[in-house]
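Enquirer: Listed below are the residues making up each chain.
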Amino acid sequence: MELTFKVNGHPERLELEGHETLLDVLRDDLNLTGTKEGCREGECGACTVLVNGRAVDSCIYAAMAAQDMEIETVEGLATSDGLNSLQNAFAESGGVQCGFCTPGFLMMLTALLDKYPHPDRVQVRDALSGNICRCTGYAQIEEAVERCIRQRTIE
Amino acid sequence: MLERFISVSSEEEALAQLNAHGEELQILAGGTDLMVQLQQSGQRTRRLLHIEKIPGLQKISYNGETGIGALCTHRQIVESTLLAHYRSLRQAAAQVGGWQTQMVGTLGGNICNASPAADTLPPLLVHDARITLVSQARGSRVVDLEKFLLGRRHTDRHHDELVSGITLSQPPERGSDIYIKVGRRSATEVAIVGLAACVALDEHRRLIEDVRLAVCSVGPVPKRLYEIENLIKGQEISDSLLDEAGEMLLELIEPIDDVRASKKYRAMVAPRVLREAITCCAQNASG
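For the protein sequence lines, the chains are P and H, in the order given. Here the first sequence stands for residues 12 to 166, numbered as in my numbering. Here the second sequence stands for residues 46 to 332, numbered as in my numbering.
Don't read these hints as lab results, they were simulated from the structure. Treat the hints with care, since some could be wrong.
Claimed, not checked - Only pairs whose alpha carbons sit at most 25 Å apart, straight line, appear in this in silico SDA-like list of lysine to any residue:
id	chain 1	residue 1	chain 2	residue 2
1	P	LYS17	H	ARG132
2	P	LYS17	P	GLU28
3	H	LYS104	P	GLU13
4	P	LYS126	H	ARG132
5	H	LYS98	P	ARG65
6	H	LYS104	P	GLY64
7	H	LYS98	P	GLU103
8	H	LYS98	P	MET80
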């Protein structure tokens, strides 16, 4: 069966069997390996992508359910000018250690900041409750969010 | 060749598909449970009926009674002002997985999946939830949630039926409700014990006029605790009453050993959760 959707602004057309996960399609069919496979059961958030602006775990989202939708992955964050303000804030705050969980955190936070541009710390923690970092980097990640909000306010 | 993934955009289309092929179709809403099950069981040949995009089933409404469309997401429930008086349901929805799960997972899906640990089921049970099912051939019927849940992952939904919505009873006057979940960590955790309580006090705010209690994760099906409700109703809260309620709870539940906790731990923690839930509700209702 045919899946047509947009990924990071590019129209894509693929032939699928029907049960594929969005994660497998992104990684294996479109070679967008920035999105990571962690637990494969919707618990760790490493595979978070945006589907029409909603942050979802792509490992448990049916690819066919994304028919005609717009998908954003970590590959879509940077522009020709370089990293975006959230990515820069992660780098400057030391919010990246091994880096495996980073794409998922970035996408979850992108969805959060789109909806609530000035979240308080409780909202940030709540929104990140489904993203796991095993390098114990949560403090730096929270700091990165605050840095990003400050930066965006100045801009 | 039969399509393995059929996406419908209206209730009528869904019912027509279910009427024609109900027995071989697996209904897919948000998929947060189903996609895990499909991948783990390797059932890659099951045909999926994708109903997530039916717009009519995504609304929370109030027309004399509170109705929740089957496709309302957990996040929608958490943020709904119409559900302000159903705190326990909002608390439960806020604890179903992380935000990613809450944004996609639906209330109807949580009900039909009928997990012994489904967080939303105890609060729905204490609010006397009724399930509306629709079929093309037989029209609609309404079933009490309690009767709808037949066993572990087993419901009264017939193959040609679609759960369209959930209706809740009016919240009681001078009442308060709560959902308490015990887990090893606060997020993305399946309940070790989950308990919902709804308590209403009499006009002097002294005696318990009405109480409804329900539990999950301590037996094959989430269920109401009528025996304890009858024990407590009309009484004033006291330590001895709560002790007695806790002992009675142990007679009513069937905790097991599993990966999340031991039977012994569940039996130890459940009465304490019951005590805390009733006490909290009574305190909130008295103010």
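Enquirer: With reference to the structure, classify each hint as holding or not holding.
Expert: The hints, checked one at a time:
1. The hinted pair formed by LYS17(P) and ARG132(H) fails the criterion: a straight-line CA distance of about 39 Å is larger than 25 Å.
2. Between LYS17(P) and GLU28(P) the alpha-carbon distance is near 19 Å, which keeps this suggested pair within the 25 Å criterion.
3. For a cut-off of 25 Å, the pair hint linking LYS104(H) to GLU13(P) is broken: about 30 Å separates their Cα positions.
4. In summary, the hint linking LYS126(P) to ARG132(H) is supported, as the alpha carbons are separated by about 23 Å, within the 25 Å threshold.
5. The hinted pair formed by LYS98(H) and ARG65(P) meets the criterion: a straight-line CA distance of about 14 Å does not exceed 25 Å.
6. Proximity of LYS104(H) to GLY64(P) is assessed by CA-CA distance (about 19 Å); at most 25 Å being required, the pair is judged to hold.
7. With a CA separation close to 41 Å, the supplied pair LYS98(H) and GLU103(P) exceeds the 25 Å bound.
8. A distance of roughly 12 Å separates the Cα atoms of LYS98(H) and MET80(P); the hinted pair therefore holds under the 25 Å criterion.
Taken one by one, the earlier hints fail for this structure at numbers 1, 3, 7, listed in ascending order.
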